[in-house]
Structures are given as structure tokens and as C-alpha cells.
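J.: Sequence:
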Amino acid sequence: MKWLLLRGLTRDQRHWGDFPARLGAALGTEVVCIDPPGFGTEYKRQSPKLLSQITDDIRGRFAQLRGDDEWSILGISLGGMLTLDWCSRFPDDFARAVVINTSASNSASIQDRFKPSAAFGLVTSAFRSPAAVERTALAASSNKPAAELDVLAEQWTQWKAQTPPSRSSIIGQIVAATRFTLPETVNVPLLVLNSRNDRLVSYKNSAAIAQRLQAPLKVHPTAGHDLPTDDPDWVCQQVADWAESHHPS
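No gaps in the numbering here: position 127 of the sequence shown is 127 in UniProt numbering, and each next residue is one more.
For the record, the hints were derived by calculation from the structure and aren't laboratory data.
Predicted model only: the values in this text are computed from it and were never measured.
Any given hint could turn out to be false.
Claimed, not checked - Think about it this way: if two alpha-carbon atoms lie no more than 30 Å apart in a straight line, the pair counts; the simulated DSSO-like pairs of lysine-lysine are:
1. K2 <-> K44
2. K144 <-> K204
3. K204 <-> K44
4. K160 <-> K144
5. K44 <-> K218
6. K218 <-> K204
7. K218 <-> K144
8. K44 <-> K160
9. K218 <-> K2
10. K160 <-> K2
Can you make the complete structure from the sequences, with help from the hints?
T.: Spelled out as C-alpha cells, the structure:
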């Protein structure tokens, strides 16, 4: 079974780091990443302002890769929203789904979806250098040591310069995420992962989503919002254990 990975708000597949390789090794399978419209390999295109349209765009390109193989999907943050939307509307596309630190407009309060302190830091960083923007974003999303975040910020700043997303695409993703409503049902076996110390989005969102969709919830005690960056091995282990014990009918 192959796996498809979807990254979060304004990010692309490069921001996974070595997580895809780690997950592939843990599961003994191939892991594939696809960028959303407006970012990474698709940076010259514009992102829609409806999450379902972003899903449809990615699904159209995924069809070229799918073949006759069985697939599962994993998404973080905005990628988790896309995963939930995709699996709710096209349940036959995937055998399993995993969402990490995601949220919905009906999963928690506005303050819990995007913590005010983190929002203030990101807004004020926009008036500084590109490197400052990336460093502030990392400070909000990751709980790794400052020295490691400095290195990541430098690399991520270079990536943004190489494939600069348009302002309209950034706004489009933000609007799409803000409007996203949790589906009534997701008829694909689902695992929810979250971080207790997420300083960007409250862990209450994932807890509410797991409860409403009757999915198992696994909580990391110390990692930040970007859980695959902070503790990729923990994520791989949780997914591997769940996949091994859960066999979709």
C-alpha cells in the first residue's frame, strides 16, 4: 500500500524534510508528496479560496499517479483538512487516512483554531525580512531547540525565494482553511494525531474531531504544531502500529 502526504498552510513537499523517507522505511512502502496549487512545484498557479477546489485540483493530478495500487493518505494542518474533505467526498480513493494537528470551523472556538499570541507574532513578522517571517513561523509551529530552528529558517527562506507563492495564493489558502467545516462522516478508517504543546492550534481541535468522527486519538506530550518535524519517529511509529492492527474491510 502506497501513501500520499499533504503539507500544511503555505508549505510544500520540501517542508516534510526526511519524514517521507522515514515513513516509507517504517511502513515498507512508497511515499509520494503532491503540492497544492500555488505552492512548491505549483507556485506559478493560483490557489482557490474553497478548500474543496484545492482538494479537487490535487485529486486530478493524483489520478495520474494512482494506477492500480491501493493508497492511504496523511495530512497535517491544512493538509489534514484536505484529507478529511477528500475522504468524506471520495471514500473509495483511500484505504486509510491520518490527520495531524488539524482543525475545522466547527471543531473548536476561533481562539483555539489559531491562538492569538501566535497570530500576533506572525502578523508583526510580515513587516520584517523574509528570514524573520520564516523564523517567527517556525517559533510558533515547532518546539525544537532555537539553534535547529535557525538552520531550518535559513533553508525555508531559500525555498520560498526559489518558488515564491503569490499573495493571492496565500490569502486563498487562509480563506479556504477558515471556511472549512468538518464533514458529518468520513467513511475511511481514520487516525488522529496531535500535540499537547501545540502553540499554534489548540489540541482541543483534534480531540473534538476524533470524538465526532469516532476515530482513535494519539497525543504527543511535548511536540509542537509541526509534529513530523519535531518527532518524525513518533509519528511513523504511531502510523505503523495503527496500520498493522487495523485492517480495512
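J.: All the hints need checking, so say for each whether the structure fits it.
T.: Verification of the hints:
1. For the hint linking K2 to K44, the alpha-carbon distance of about 28 Å falls within 30 Å, and the restraint holds.
2. Note on K144 and K204: the hinted pairing holds, with a Cα-Cα distance of about 22 Å set against a maximum of 30 Å.
3. Taking the CA atoms of K204 and K44, the gap is about 36 Å. The hint is violated against a cut of 30 Å.
4. A hinted pair counts as satisfied when its Cα atoms are at most 30 Å apart, and K160 with K144 qualifies at roughly 21 Å.
5. Of the pairs offered as hints, the one joining K44 and K218 is violated, with about 37 Å between alpha carbons and a cut-off of 30 Å exceeded.
6. This hinted pair checks out: K218 and K204 have alpha carbons roughly 13 Å apart, not beyond 30 Å.
7. Of the supplied pair hints, the one linking K218 and K144 holds, its CA atoms being roughly 20 Å apart against a limit of 30 Å.
8. A C-alpha spacing of about 12 Å is found between K44 and K160, which places the hinted pair at or below 30 Å, so the restraint holds.
9. Distance check on the hinted pair: K218 and K2 sit about 22 Å apart at the alpha-carbon level, within 30 Å; holds.
10. The suggested pairing of K160 with K2 holds, with an alpha-carbon distance near 29 Å, which does not exceed 30 Å.
In this structure, the hints that do not hold are numbers 3, 5, in rising order.
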